[in-house]
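Visitor: Start from the sequences and build out the full structure, keeping to the hints where you can.
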Amino acid sequence: MTVRLGVVMLCHDELPVAARLARVWAEGGASVAVHVDAKAPPDGVETMQQDLADLPQVVFSPRHSCEWGMFSLVKATQDAAALLLDRFEDVTHVLVVSGSCLPLRPVADLVAFLALHPRRDFIESVTAADVGWTVGGLNEERFTLRFPFSFRRRRKLFDRYVALQRRLRFRRRIPQGLVPHLGSQWWCLTRTTLRAILADPRRAEFDRYFAKVWIPDESYFQTLARRHSQNIESRSLTLAKFDGQGKPYIFYDDHLEMLEQSRCFVARKIWRGAARLHAHFPHGDPARPAADEPRPERLDRVVSQAVARRSLGRPGLYMQSRFPLKDRENGKTSAPYAVLQGFTDLFPDFESWLAERVDADVHGHLFAVHGAEFAGRAPIGPGGLSDSAALRDLDPRGFVANLIRMSDRMPLWQFSPRDGQEMNWFTATDPNARIFVITGAWAVPLLHSDMPFDDIRRVAAILQRTELAQMEVLNSVWLKAQTQVWDLGDFCARPAAVLGGILRALGADPEAAADLPPMREIAGMGRFLQRLRNAGLRPQLMGDFPASDTAPSVPPQERPAP
Amino acid sequence: MPRLTRWPIWKRLRRRARRQWLVARAVRRGRALRPVMDRTRRIGAGEILAFVTLRNELPRLPYFLAHYRRLGIGHFLVVDNASSDGSAEWLAEQPDVSLWRTEASYKESRFGMDWLNCLLRRHGSGHWCLTVDPDEFLVYPHHDTRPLQALTDWLDAGEIRSFSAMLLDMYPKGSLEAEPYRPGQDPFEIARWFDPANYTIRKNSEYGNLWIQGGPRGRAFFADNPQNGPALNKIPLVRWERGYAYVSSTHMLLPRALNLVYDQDGGEKASGCLLHAKFLSTFVQKSAEELTRRQHYADSQEYRAYHSGLQEDPDFWCAQSRELQDWRQLEDLGLISKGNWA
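Protein chains in written order, with this note's numbering: chain A, 211 to 772; chain B, 3 to 344.
Derived by calculation from the structure, the hints in this document are not laboratory data.
One or more hints might be untrue.
[To be verified] Cross-link-like lysine to any residue pairs, in silico, SDA-like; alpha carbons within 20 Å at most: (1) B:K175 / A:P589; (2) A:K479 / B:Q151; (3) A:K479 / B:T154; (4) A:K457 / B:A159; (5) A:K536 / B:K205; (6) A:K536 / B:D267; (7) A:K479 / B:K175; (8) A:K536 / B:W213; (9) A:K451 / B:K175; (10) A:K457 / B:T154; (11) B:K205 / A:P606; (12) B:K205 / A:M633; (13) A:K479 / B:A344; (14) A:K366 / B:N206.
It should be emphasised that the depicted structure is a prediction, and the values quoted were computed from it without experimental measurement.
Guide: As structure tokens, this is what we get:
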């Protein structure tokens with residue numbers, strides 16, 4: 211059986227481009243029925259007709275005024291297809307394309323491909339009950355509600371009428387014998403199937419029904435093909451991607467190589483100014499037709515990446531065109547990081563000790579009141595962040611997110627109730643955060659302070675209040691960070707074990723915790739805490755230190771964990 | 003119900019009143035514009051227009067026009083605020099420039115925005131309009147392979163009316179005066195460094211736009227009072243309609259919906275940036291001049307900060323600075339985004 215291709219071409223603007231494409235199809239050996247939207251300017255249509263006058267295999271079908279999402283598009287397709295079948299007796303397959311669909315391979319390739327499966331109908335056709343074909347639109351409701359209003363021009367009315375019908379539980383009756391199917395409107399049907407659809411004895415009834423279905427060009431032929439076809443291959447031969455916002459994906463000159471590799475027969479949509487694409491395609495030797503299958507995997511990947519970029523974005527990025535509301539971040543930060551609290555109070559050299567043992571950027575107190583303490587006390591940190599407190603506090607979330615995003619290694623920083631507390635909820639609800647806290651450690655510098663005791667008491671009260679508020683955050687049900695909390699007494703009982711565990715959690719060798727950094731003396735803590743109690747302040751975060759004892763409450767050696 | 007999420011009616015009314023006031027003001031102040039060379043009859047349907055106000059920028063103009071012609075700007079509408087260096091004469095000779103002149107105060111016309119709002123209203127309706135300063139150079143994803151028309155066609159297809167392009171301050175390594183700028187030269191051969199990720203972002207609830215500040219000027223001049231630093235958020239590309247108005251420079255517009263150029267659900271919308279070629283050898287002299295003219299925002303506070311800053315240490319460069327390569331680098335750094343325009 212020899213295959214003769216017929217093409218239904220629907221165009222509404224960019225008529226010169228459409229005329230050129232019609233010529234490509236016709237000269238490739240296809241018969242073409244062109245439908246031009248009735249709204250197109252008359253002089254443009256005339257020019258187009260004159261341009262194509264030398265090609266007897268190009269005919270113009272009756273013009274309808276088409277509107278996206280309305281039945282007029284189906285009507286136009288029906289008329290053009292009927293004209294094609296009537297006028298050209300030898301046409302065996304009919305392909306629907308638009309004026310911005312570009313044939314990537316010679317028409318002969320497509321003919322050779324169709325000749326491999328001469329009785330097969332290539333039409334994407336998915337049951338409407340199986341959701342997921344449409345991008346952000348209605349699925350089954352397209353068939354059971356009424357859509358008299360234009361989605362594009364009367365959006366409000368459209369939405370309200372849909373809402374009203376839902377509320378009234380209105381349902382249209384689907385004509386007997388039809389199972390609603392959806393799919394791409396760029397199909398390729400055999401003459402037999404198409405003829406059967408057009409000559410269906412119940413066509414008037416079906417047309418009446420589909421006239422009130424939403425976007426019938428994505429369901430009319432797809433549904434009726436199920437009724438008449440013996441052999442449906444549910445896919446489209448046209449590469450037509452959507453950009454995640456319900457708009458067709460557009461191809462430009464820089465897609466040339468990728469389009470060529472895809473081996474697809476037809477691609478849409480091509481930008482009207484993509485001169486290189488129009489000059490290059492169709493690409494191939496028509497004298498030696500190749501019937502190989504399309505392989506659009508790479509293109510698919512690029513498109514799905516673009517869709518993901520638009521809908522999900524990059525985690526931890528806050529910028530001019532991505533500024534998510536709280537808890538809609540899809541990732542508050544871009545990578546894991548760690549916050550260490552209380553360690554610098556016990557170990558004055560903790561930062562350098564830790565920096566030697568872990569593969570990470572060890573910063574000081576990034577949220578210190580006087581300014582950010584970057585690693586090495588550099589005045590400018592990762593990404594060009596300034597150590598200025600005022601700049602940091604203008605947008606602390608951006609500060610943290612930028613720091614994490616721009617660090618090559620995992621960042622970790624010190625924290626304390628003396629620092630700014632604005633980001634506590636942010637870090638606590640971020641799965642990338644690892645938070646290690648020794649509660650009450652802020653009392654150690656106070657123990658060694660030579661301030662008047664009255665002032666010490668006041669400071670202790672403030673710091674305790676701050677840390678208690680922070681603990682409330684860390685104990686909340688919204689906690690997403692990996693958190694470990696020790697009280698001061700607990701930590702002092704077995705410092706090497708705790709630090710070893712932290713090193714392990716940070717991906718370093720826990721044995722490296724064997725030689726501890728020099729630790730501040732905590733002898734006298736019990737007495738100090740009792741003095742605070744005597745002054746009316748109840749220390750709640752330090753753990754157990756016997757009040758009478760002036761020596762450490764525990765031996766300096768390790769004690770088994772409780 | 004969408005109704006519940008709407009702003010209280012009085013706020014909407016207040017914004018509407020403000021917009022109408024801006025438009026009326028633009029019409030009134032626009033009378034100060036005297037046409038020098040009016041070629042606006044040549045503007046074709048669908049052409050992309052550029053709107054510029056300038057004063058004594060002759061050395062910059064050749065590259066400025068070349069850059070935007072390459073992107074596909076069809077016509078430049080320029081307001082010359084009393085230039086004395088031959089800028090006006092040079093511009094009047096260009097076939098795709100329409101030129102107006104005014105001696106009126108820059109400050110009293112809201113830093114030139116009244117004049118531009120007026121021209122936008124007269125000539126911009128129905129066109130994509132790019133409003134930039136002569137030292138701002140638009141780059142957007144794929145700008146090396148796709149003309150601006152491709153972008154605006156895509157925005158049209160997606161029913162998007164405005165396009166964000168934040169200001170990215172570019173600076174040289176070392177002293178600003180080390181390498182003098184030659185007219186016609188690509189300024190980013192000299193000022194080819196920028197700060198990658200130290201921008202502060204806050205949302206302006208009244209107009210719905212983002213306030214972006216920081217960058218090299220933030221850390222060098224405004225570290226102690228960053229709120230007073232220059233705003234870097236810009237919405238320079240708008241499909242203009244009568245009744246639109248820029249509120250403050252090109253930072254924000256009314257109606258408010260035009261300012262929603264960012265996604266709030268975690269996704270990324272497409273955006274570009276305006277490479278800012280301010281910090282060149284021409285700058286030191288200019289900042290001294292502007293300081294005495296006192297015609298700039300907030301009593302030229304910005305210029306005063308620069309001038310004191312520049313005399314101490316004129317080097318913005320630091321180890322974290324990045325050298326400009328192409329838009330892909332800016333995209334990887336998260337300064338601009340392709341969105342789903344890939």
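Visitor: Look at each hint and say if it fits the structure.
Guide: Hints, one by one, checked against the model:
1. B:K175 / A:P589: holds (18 Å)
2. A:K479 / B:Q151: holds (16 Å)
3. A:K479 / B:T154: holds (16 Å)
4. A:K457 / B:A159: holds (7 Å)
5. A:K536 / B:K205: Satisfied, since the Cα-Cα distance of roughly 13 Å is no more than 20 Å.
6. A:K536 / B:D267: Holds, at roughly 9 Å.
7. A:K479 / B:K175: With Cα atoms ~45 Å apart, A:K479 and B:K175 exceed 20 Å; violated.
8. A:K536 / B:W213: holds (17 Å)
9. A:K451 / B:K175: violated (45 Å)
10. A:K457 / B:T154: Holds, at roughly 15 Å.
11. B:K205 / A:P606: Holds - the C-alpha atoms of A:P606 and B:K205 are around 14 Å apart, at most 20 Å.
12. B:K205 / A:M633: Given pair B:K205, A:M633 holds - Cα atoms ~18 Å apart, limit 20 Å.
13. A:K479 / B:A344: holds (13 Å)
14. A:K366 / B:N206: violated (28 Å)
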